[in-house]
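> Residue-level listing of the chains:
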Amino acid sequence: MTRPGSGRWGRRARSGGPRYPGWLALPALAWYAAFFLIPLGFVVAYSFAALSGYSDIVFAWNLDNYRALWDPLYGDVFRRTLGLSLFGTLTTLLIGFPFAYWIARYARRKTLVLLFVVIPFWTSFLIRTYAWLIILDPQFPLFRVVHVDLLFSRPAVYIGVAYNYLPLMVLPLYAALERIDWSLVEAAQDLGDTPLRSFRRVTFPLALPGVIAGSLLVFIPLTGEYLIPAILGGNKTSYAGSLIAQQFTEVHDWPFGSAIAVVVIAAMTIVLLVFSTWANREASSRG
Amino acid sequence: MARRLLGGFSALVFVFLYAPILVVVVYAFNGGRETLVWDGFSTKWFSAALHDSAVTDAFRNSILIAAGNAVIACVLGTMLALALPKMWKPVRIPLEALVTMTLVTPEIVFGISALIFFTEAGITLGLKTVLIAHVVFNASVVALVVRARFVGMAQDLEEASFDLGAGPLSTFRQVTLPRLAPAVLAGGLLAFTFSFDDFYTSFFVTGAGTSTLPLYIFSSLRFGVTPVVNATAAMILALTLASVGLAYVVLRRAGMSDTGTSA
Amino acid sequence: MNDQERLLLELGERTVSRRGFVAGTTALLAATALGQFPQAAFGRSEAEQLFYYNWGSYVNPKTYPAFTKATGISVKKDFYTSNEALFAKLKGGARGYDLAVPTGYMVRILADAKLLEPINWSKLPTVKKTIDPKFRKLPFDPKDKYSVAKDWGTTGFMYRSDLVKERPSTWRQFFDLAKTKYSGKVTVLDGIPEVIGSALVMLGYSYNSDSKSELEAAKKELLGLKPHLLSITATQYKQLLISGKAVMALGWNGDALAAAAKKPVNYVVGKEGGEFWVDSYVIPVGAKNTDAAHAWIDYVYDPKHNATETEYTYYGSPLRRSLLKGKLDPKILGNPGVFPALRTLSNLEPNNVTAKGTALRSRIWTEFKNA
Chain A
358 MTRPGSGRWG RRARSGGPRY PGWLALPALA WYAAFFLIPL GFVVAYSFAA LSGYSDIVFA
418 WNLDNYRALW DPLYGDVFRR TLGLSLFGTL TTLLIGFPFA YWIARYARRK TLVLLFVVIP
478 FWTSFLIRTY AWLIILDPQF PLFRVVHVDL LFSRPAVYIG VAYNYLPLMV LPLYAALERI
538 DWSLVEAAQD LGDTPLRSFR RVTFPLALPG VIAGSLLVFI PLTGEYLIPA ILGGNKTSYA
598 GSLIAQQFTE VHDWPFGSAI AVVVIAAMTI VLLVFSTWAN REASSRG
Chain B
238 MARRLLGGFS ALVFVFLYAP ILVVVVYAFN GGRETLVWDG FSTKWFSAAL HDSAVTDAFR
298 NSILIAAGNA VIACVLGTML ALALPKMWKP VRIPLEALVT MTLVTPEIVF GISALIFFTE
358 AGITLGLKTV LIAHVVFNAS VVALVVRARF VGMAQDLEEA SFDLGAGPLS TFRQVTLPRL
418 APAVLAGGLL AFTFSFDDFY TSFFVTGAGT STLPLYIFSS LRFGVTPVVN ATAAMILALT
478 LASVGLAYVV LRRAGMSDTG TSA
Chain C
-9 MNDQERLLLE LGERTVSRRG FVAGTTALLA ATALGQFPQA AFGRSEAEQL FYYNWGSYVN
51 PKTYPAFTKA TGISVKKDFY TSNEALFAKL KGGARGYDLA VPTGYMVRIL ADAKLLEPIN
111 WSKLPTVKKT IDPKFRKLPF DPKDKYSVAK DWGTTGFMYR SDLVKERPST WRQFFDLAKT
171 KYSGKVTVLD GIPEVIGSAL VMLGYSYNSD SKSELEAAKK ELLGLKPHLL SITATQYKQL
231 LISGKAVMAL GWNGDALAAA AKKPVNYVVG KEGGEFWVDS YVIPVGAKNT DAAHAWIDYV
291 YDPKHNATET EYTYYGSPLR RSLLKGKLDP KILGNPGVFP ALRTLSNLEP NNVTAKGTAL
351 RSRIWTEFKN A
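As they're listed, the protein sequences go chains A, B and C.
All residue numbers for the first sequence refer to the working numbering, where the first residue is 358 and numbers rise by one.
All residue numbers for the second sequence refer to the working numbering, where the first residue is 238 and numbers rise by one.
All residue numbers for the third sequence refer to the working numbering, where the first residue is -9 and numbers rise by one.
In case anyone wonders, no lab produced these hints; they're calculated from the structure.
Please note: incorrect hints may appear among the correct ones.
[Stated by the list, open to error] Simulated crosslink set (BS3-like; lysine-lysine; CA at most 30 Å straight-line):
hint, chain 1, residue 1, chain 2, residue 2
1, B, K281, C, K67
2, B, K281, C, K52
3, C, K104, B, K365
4, C, K155, C, K261
5, C, K253, C, K155
6, C, K81, B, K365
Could you put together the complete structure from these sequences and hints?
Structure representation (structure tokens):
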């Protein structure tokens, strides 16, 4: 009936399988354009506007908002945000890697274990964060014995961040580690490698894509985090996300808030570009 | 030796993961109003939560938005996933970058941009604006899940189908779609979950009186951890555990193995 | 991203076959049905409803069911924690609230931004009979076009009298004690005009100053205070004072008195000055049931119902004092914390900041929060 190689789909891609028409992507594309790209365009446009009176917007088309951001005060905020993002990424990596390794290599009933990792995160993110307020309260049973006051402190924020972002790191790490053929590692050790060496030469390179994916999934959203500092930090310390939120919920300076958002977007795009070029180079160098 | 150390470490991580959950559940049964002052065992807060229209309305809104956006995200995302792999490269690369961006943009940025957009476009904030905003990132989630599955599927069955004379539409319907169904379902479940627990985006684009559960919890918790909120959280947890348990049992019976893949 | 995809692929692979699909869909439908169940079971109709957007702990819980019983109107609630948040919500496009309670200065701002519906006084017979004439035609709404007073109070500071033996009576003392002896145990309101205004009056300036130099000086004071704060909150300081985690707080008189019911708390408006405010009912634009809003206002102006409110919130009532005698607990009626003497009030200013002053304050607030 139909000659192989000339299916009704037209030219068959050589890698096999029908080629679905490009217009299938249009609905999603239209949605993205309307409800993601255009809104972001508005944000960029607003960043060049100014506040007039109590809350009206005037499109002055100048760089005043960006000039205001140059103030060292905001430099501090961005530095602090970067610090928090880095801390969160490193901590979740340090905790998550051994954990994911154990699940991937030694756990029986891996799916069940993974489910148990994820289940706490099916309660509300807010509840989980407020629960830490109860735990860190000096009157909580543990802290009546160990006299450390962590309520509304910087360490409390760090604990909350590590807690909430842990699964975002663990899942990609697990995915990468689970594909590893552990017999290779054992073979390397039989041939005389110390565990550390086989880790460095075999395990870690294979796990690297998972490390990268997990780091991205934690680092970038962390740059916009502000609820955890507000709840666990006593609402005293501000990060880039708090700064943006304040402009929209307390101070009505939408143009200024938009300018901050643009800076965050720009920074995030750079990070993504750097990571993806590095990831692509790693992937192609390993063949 | 390393194995035992890692096992011990992992146990500690589990304690860390479950500590707040246990605290919430335990204090949901606290008869007293002050969280840290134990005043006898009681289930009264559970009934208080079920009778509070603020809680039940918020829960209903969350379910409606999550279910609605899961369906839309599945349709959009699956179509995107099918078209993407074989697209002309100069179109595919930017499109993939766009999909990544929707997933990775900090929600505060996305939330305010959506707010500005709806304000400028004169669209009243409400359930539908929350749903619209959620679909943006959930469509990408579904697209990624389905594409991963699609790309990993051998196309031999499709080729056989063509060779037997079936047209593209019936091949898709009878051969491809059933094989994709698990991925679509998984994507849909993820979309449902992300939407149900979403806070930042919902905060900015919700109108008056369209509180979702996370928003209700937020507004309630600003006044301190209340027993009603603890009880609500405990109930949601129980509901989720029940659904997961049910799904796990059903899937186990249907022949899923722990490490193997299925056809 | 490839390995995330692989992970998701794994997840996808673990669900299998039509049975799984059916089970999953059924669960989803069941959950949706479950979500509908409580509402169906308790048979609430949407017919007559008041959507009340309010501060927290600002209505006696007993009043809601009493109101519903008397009028047949059910009350749906939502909450905000500062005037600015209320404004942001309405300005950002939230429509459907029937009733809100901004402070005086915010009434004017909302009216200017065309975010309010007019009040129909013909629907408020009880109010016209019982309101103290002092609370009509207030400076922020001289024609009574948009607002009806709800209550009034002051902004000052409070402290645990059993834990703070110094008995501070001025703002200066509040700041100094906070920075030294009680560092880490002090909170301030999450409110721009209140915090900045208090620093201004401490320095001898007007609460409403819009002078750049005066505001700079206030900012310096606030930045000096910031590292010693436990928390910046408008809603949690009552709890923190009762539990003793905070020993001093910048806040409102009603909250102080509510806390004093549980633990010894003194409330002080610093001798240098402070804020005197009136909160008013307004009907936001886009209200679905303005009749219900008027019904509520008229209901709570009945002296008996008003007394119930004052006994809960501890804020001053706008009704004529003579009408309250016999209805309101005499201990509260005679409490200078709830009904301060006129001479203490003469030292205080209502919020009346200009747009220029607000812009300057916004900048200072951002710096304060980010310090």
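> Evaluate each hint against the coordinates.
Comparing the hints with the structure gives:
1. B/K281 to C/K67: Holds - the C-alpha atoms of C/K67 and B/K281 are around 22 Å apart, at most 30 Å.
2. B/K281 to C/K52: The given pair, whose Cα atoms are some 19 Å apart, holds under the 30 Å limit.
3. C/K104 to B/K365: 25 Å, holds
4. C/K155 to C/K261: 18 Å, holds
5. C/K253 to C/K155: 15 Å, holds
6. C/K81 to B/K365: Answer holds: C/K81 to B/K365 is near 19 Å, not above 30 Å.
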